[in-house]
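K.L.:
Here the protein sequences line up with chains A and B, keeping their order.
When you line the first sequence up against our numbering, it's residues 28 to 299, in that order.
When you line the second sequence up against our numbering, it's residues 2 to 734, in that order.
In case anyone wonders, no lab produced these hints; they're calculated from the structure.
Among the hints, a few may not be true.
[Unchecked claim] Have a look at the derived ranges for each label pair, beta carbon to beta carbon:
id : chain 1 : residue 1 : chain 2 : residue 2 : range
1  : B       : 30        : A       : 224       : 32 to 42 Å
2  : A       : 282       : B       : 159       : 26 to 36 Å
3  : B       : 33        : A       : 262       : 58 to 68 Å
4  : B       : 159       : A       : 61        : 31 to 41 Å
[Stated by the list, open to error] Chain A stretches covered by chain B per the calculated footprint, using a threshold of three residues with CB under 8 Å from any CB of chain B:
id : segment
5  : 97-108
6  : 222-233
Heads up, the beta-carbon is just placed ideally off N, CA and C, and yes, glycines get one too.
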Amino acid sequence: MKPLISLLNTVFDVVLAPFGHRFAAFDLLVWPALAGVVALLVYKKVSNQKGIAAAKNGIQVHLLEIVLYRDDLLGVLVATAQAMKQNALYLGNNIGPMVVMMPPMTAVLVEIVAHYAYSPLPVESRPLLEVTMAEGASMKSTDVTLEVPPGLTIDAGPVATPEGMAVWRLKAEAPGDYVVTVKVGAESQQKALAFGGEPRKIPVERTNTWEAILYPGEDALPSDSAFETIRTRYPDRELTFFPDGESGILGWFFGFSLAAGFALKGPLGVEL
Amino acid sequence: MILLFASPAQAYIGPGAGFAFAGSFLALIAAFVLAIGTILLWPITFVWKLIRVGNPFKKAAAKRVIVLGLDGMDPGMVTRLMQEGRMPNFRKLAEKGVFRTLDTSNPSMSPVAWSTFATGVDASGHGIFDFLTRDPCTYAPLLSSTDIGQATRVLNIGKYIIPLGSPKITLLQKSQAFWKLLGDKHIFSIIQRVPITFPPVKFRGLLLSGMCVPDLRGSQGTFAFFSTKTDDGVPAFTGGEQTVLRRQGNRIRSRIVGPDNGMVRGSPRMTLPITLTVAEDQKSVVMEIDGCPEPITLLAETYSPWITLTFPAAPTVSVSGIARFYLTSISPEVSLYMTPIHIDPENPAMPISHPSVYAVYLAKKFGSYATLGLAEDTWALNERVIDEKAFYQATMDICDEREKMFFDAVSRVKTGLVTTVFDTTDRIQHMFYRYLDPDHPANAGKPTTGEYANAIERVYVHMDGILGKLLDTVGEDPNTVVMVISDHGFTNFRRGVNLNSWLRQNGYLTLLPGADTSGDWFEKVDWSKTQAFSLGLTGLFINRKGREKSGIVEEGEEYKRVTHEIARKLETLIDPATGGKAIRRVEIAPEYFTGPQRFDAPDLLVGYEGGYRNSWDCATGSVTHEIFTDNTKSWSGDHCVDPSIVPGVFFCNRPIVQKQPRLIDVPFSILSLFGQKPPDYMQGRMIFTAKGEGDGLATTRGLLDPASLAQSGCAPGARVGTTPAWSVDHVTV
Numbered sequence: 028m029k030p031l032i033s034l035l036n037t038v039f040d041v042v043l044a045p046f047g048h049r050f051a052a053f054d055l056l057v058w059p060a061l062a063g064v065v066a067l068l069v070y071k072k073v074s075n076q077k078g079i080a081a082a083k084n085g086i087q088v089h090l091l092e093i094v095l096y097r098d099d100l101l102g103v104l105v106a107t108a109q110a111m112k113q114n115a116l117y118l119g120n121n122i123g124p125m126v127v128m129m130p131p132m133t134a135v136l137v138e139i140v141a142h143y144a145y146s147p148l149p150v151e152s153r154p155l156l157e158v159t160m161a162e163g164a165s166m167k168s169t170d171v172t173l174e175v176p177p178g179l180t181i182d183a184g185p186v187a188t189p190e191g192m193a194v195w196r197l198k199a200e201a202p203g204d205y206v207v208t209v210k211v212g213a214e215s216q217q218k219a220l221a222f223g224g225e226p227r228k229i230p231v232e233r234t235n236t237w238e239a240i241l242y243p244g245e246d247a248l249p250s251d252s253a254f255e256t257i258r259t260r261y262p263d264r265e266l267t268f269f270p271d272g273e274s275g276i277l278g279w280f281f282g283f284s285l286a287a288g289f290a291l292k293g294p295l296g297v298e299l
Numbered sequence: 002m003i004l005l006f007a008s009p010a011q012a013y014i015g016p017g018a019g020f021a022f023a024g025s026f027l028a029l030i031a032a033f034v035l036a037i038g039t040i041l042l043w044p045i046t047f048v049w050k051l052i053r054v055g056n057p058f059k060k061a062a063a064k065r066v067i068v069l070g071l072d073g074m075d076p077g078m079v080t081r082l083m084q085e086g087r088m089p090n091f092r093k094l095a096e097k098g099v100f101r102t103l104d105t106s107n108p109s110m111s112p113v114a115w116s117t118f119a120t121g122v123d124a125s126g127h128g129i130f131d132f133l134t135r136d137p138c139t140y141a142p143l144l145s146s147t148d149i150g151q152a153t154r155v156l157n158i159g160k161y162i163i164p165l166g167s168p169k170i171t172l173l174q175k176s177q178a179f180w181k182l183l184g185d186k187h188i189f190s191i192i193q194r195v196p197i198t199f200p201p202v203k204f205r206g207l208l209l210s211g212m213c214v215p216d217l218r219g220s221q222g223t224f225a226f227f228s229t230k231t232d233d234g235v236p237a238f239t240g241g242e243q244t245v246l247r248r249q250g251n252r253i254r255s256r257i258v259g260p261d262n263g264m265v266r267g268s269p270r271m272t273l274p275i276t277l278t279v280a281e282d283q284k285s286v287v288m289e290i291d292g293c294p295e296p297i298t299l300l301a302e303t304y305s306p307w308i309t310l311t312f313p314a315a316p317t318v319s320v321s322g323i324a325r326f327y328l329t330s331i332s333p334e335v336s337l338y339m340t341p342i343h344i345d346p347e348n349p350a351m352p353i354s355h356p357s358v359y360a361v362y363l364a365k366k367f368g369s370y371a372t373l374g375l376a377e378d379t380w381a382l383n384e385r386v387i388d389e390k391a392f393y394q395a396t397m398d399i400c401d402e403r404e405k406m407f408f409d410a411v412s413r414v415k416t417g418l419v420t421t422v423f424d425t426t427d428r429i430q431h432m433f434y435r436y437l438d439p440d441h442p443a444n445a446g447k448p449t450t451g452e453y454a455n456a457i458e459r460v461y462v463h464m465d466g467i468l469g470k471l472l473d474t475v476g477e478d479p480n481t482v483v484m485v486i487s488d489h490g491f492t493n494f495r496r497g498v499n500l501n502s503w504l505r506q507n508g509y510l511t512l513l514p515g516a517d518t519s520g521d522w523f524e525k526v527d528w529s530k531t532q533a534f535s536l537g538l539t540g541l542f543i544n545r546k547g548r549e550k551s552g553i554v555e556e557g558e559e560y561k562r563v564t565h566e567i568a569r570k571l572e573t574l575i576d577p578a579t580g581g582k583a584i585r586r587v588e589i590a591p592e593y594f595t596g597p598q599r600f601d602a603p604d605l606l607v608g609y610e611g612g613y614r615n616s617w618d619c620a621t622g623s624v625t626h627e628i629f630t631d632n633t634k635s636w637s638g639d640h641c642v643d644p645s646i647v648p649g650v651f652f653c654n655r656p657i658v659q660k661q662p663r664l665i666d667v668p669f670s671i672l673s674l675f676g677q678k679p680p681d682y683m684q685g686r687m688i689f690t691a692k693g694e695g696d697g698l699a700t701t702r703g704l705l706d707p708a709s710l711a712q713s714g715c716a717p718g719a720r721v722g723t724t725p726a727w728s729v730d731h732v733t734v
């Protein structure tokens, strides 16, 4: 996981935000559109275009049957069942392309989320640092300690919970990127924290699960780490002309790439 | 469901699959909404039907009627082939029920006859007297069946003219179709390709329009022929256009000419660039057309499938048609035939079905299909742009398309009416009749033996196969009436008669000073000195004062004198080449017709003897030197003669009460079979027994007495044209 995330970070840290993170519109317009076109071409290549066309056609035929022969109740029921069968065939024809396209699309998306979905923590805020112990870890959350760099102080904590979580409340004296160290037994892990200043790529969470791919702001935790996650919650960035936050960017990216794909499916001769 | 319940990142699946899942979800919703809506509404509509009409089948003698219309099927030919054991299913149907000739309409041509079938009234009731009529203001030809107008309100933006409404398309057929009357009583019908049903009229049922549906260019069928061969000085084709191709190595570029672009000022023709690349081995050509996603490989003498042609009309607006391509030669010259551009049934530019999605449904279920009214391209064969093989193949392909639609309709209608008209029998007889007559003038320069010498018989046998399949489908269902009918029979067309030339030679038509012939559409006719003229296939108009723009014949005595005088003279017209009469009977419309549309009729209806018809020149309003000419075209059989010569066929699985059924009786009888009282204006009579009357009254049953076929054009032993007498002596069935 770690090499993959490093590779993605290397690539996307170069290509994203060519005009700086203040200008989110550029990446939020170019990347979904580009992703739409590339996905369309890949889809054309890897999908069963004839099967998709046939299944779509079948769905339309049976929907029209329901409309045309509506006085024939039995016929309507049969046509409905057949439309559903064709629908299942249609979905079946899309599983292959979905499997092929999901990894690269997810990679693009999570990088954009990391770069544009969140704002740095306000200096005046008191954010929580949450550490969750891995299932089956020999150490307990009550054993975890935290070291903070100059300029950052522990405002409260730790508070340990029976579910294996330890929480600290932190306070920054000035804007900046800080790195705290979390220790348990012989293991120590670092976690970056972004306070104030210009918009930038935000380090939300480190984890040792597969979900590390969704948080490319930092490296994944080692798979044998006693920690499952170390995270801080960041406020959503206000993007003015685009939907805010992770869900907003996901929705925007999904919708805009679909629109781009739809607009170009004719010229590119793709059956969707 | 995945979309609904997955976390946002997991749900993201890219535009392709994203569309698929979103679309699939919508399809499911649509299916559920439609199905549930239908199920919920069903009891309401059922109760509404009960309140409004009660049980529509309460007095019905049949719950389902299936009419298989075989345009032009001739009783004589059927009889002969049944005798030879080649049409066992027709024989089986006749033996179970009845086979008789079916008296046709006057004039005996498809638009008239099928309009009579649809409405139950004669031509003076439905107003269709021919394919064409004349504009009394200009003497120019007009399509009898349909008026296609322009959008009345438009928005002008630069060079574009944006219509703010649909163009008005009007069916000129008067009265109303009997399936509309059935629909009013909640009896469902599926009507497929019955002539003169364009534009479709709304009713409770489904309808696909037939004969008179135009092509995308608005004509009744304009083919295109692309060839590297140049024949300088050769006149243009009738019914088509030729484009001379210029070859650059193996590549040839040209343009497909589409419809006029009404959205651009000046209405320029829309075109599509086309590129042909000849393969190295000279065995195929790759065709690329703008807007077509894939190149199409054409093999010599093989039809392409239907290709969708999308003509861009304005930004974001396009017009869609379909055509098939046939490579008539590759080497040394490349010659490519393109059928007329049919209206695309999946995206129709004009209303060709009711409801409009019915055409779409058929296209999605069975693939693209011919929509042009006269779908079989007879002019392309007449002009020898394609050969008989190509014509036959295209015609049979269309027949196969029709067959699929027909059986889909039969499987759908458990109670109600199914009517499908197959044109195949008509077109094949028109174009291959010469093979039945070794002395036919059209045989000159053409093969008289070979694969297509028995094309007519093959088609009849093919139709027997379709009937067999239908009888198997229907089984012994006592509630289903199966009829096979034709609108008319067939006879020979050896000699053309130019009535306009005859009128001129007899002083009824005058050309402008200095003119020797008139040109097409009466170009050089002096209307101020013309009493009568002929346009179309059987009609002769009097240039009546107050009706025609430059009419000179006064109403009353003069009109009566002129019509009777012309009729009397025409009935004694002798063909100098044979010494025989050319015309059997001339009907004077005001005396012959009684219906409300009789004033729009041609004043005289000319009933030719077998072997004769209006010449090709006469049909297009041309005055030539000759009255009689040999018909040398492949179109060598016809039916535009005296109706007594060309009755149609009537087969049914039930015996009938009338000795001699007539086409006009069929709609009356179908309404009666369903227990519905036919309206008083209908001119037919019931030919079946009504519910509860018992079959004992139906004494007309079984096979036809072949002696009654003496007048039929294709009667066994009949020889039309050179021999005036008819002979059926040897016939036994």
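K.L.:
Work down the list of hints and note, for each, if the structure agrees.
P.N.:
Okay, the hints, checked on the actual structure:
{"no.": "1", "hint": "B/30 - A/224: 32 to 42 Å", "in the structure": "47 Å, violated"}
{"no.": "2", "hint": "A/282 - B/159: 26 to 36 Å", "in the structure": "33 Å, holds"}
{"no.": "3", "hint": "B/33 - A/262: 58 to 68 Å", "in the structure": "41 Å, violated"}
{"no.": "4", "hint": "B/159 - A/61: 31 to 41 Å", "in the structure": "34 Å, holds"}
{"no.": "5", "hint": "97-108", "in the structure": "holds (count 9)"}
{"no.": "6", "hint": "222-233", "in the structure": "violated (count 0)"}
In this structure, the earlier hints numbered 1, 3 and 6 are contradicted, and the remaining ones agree with it.
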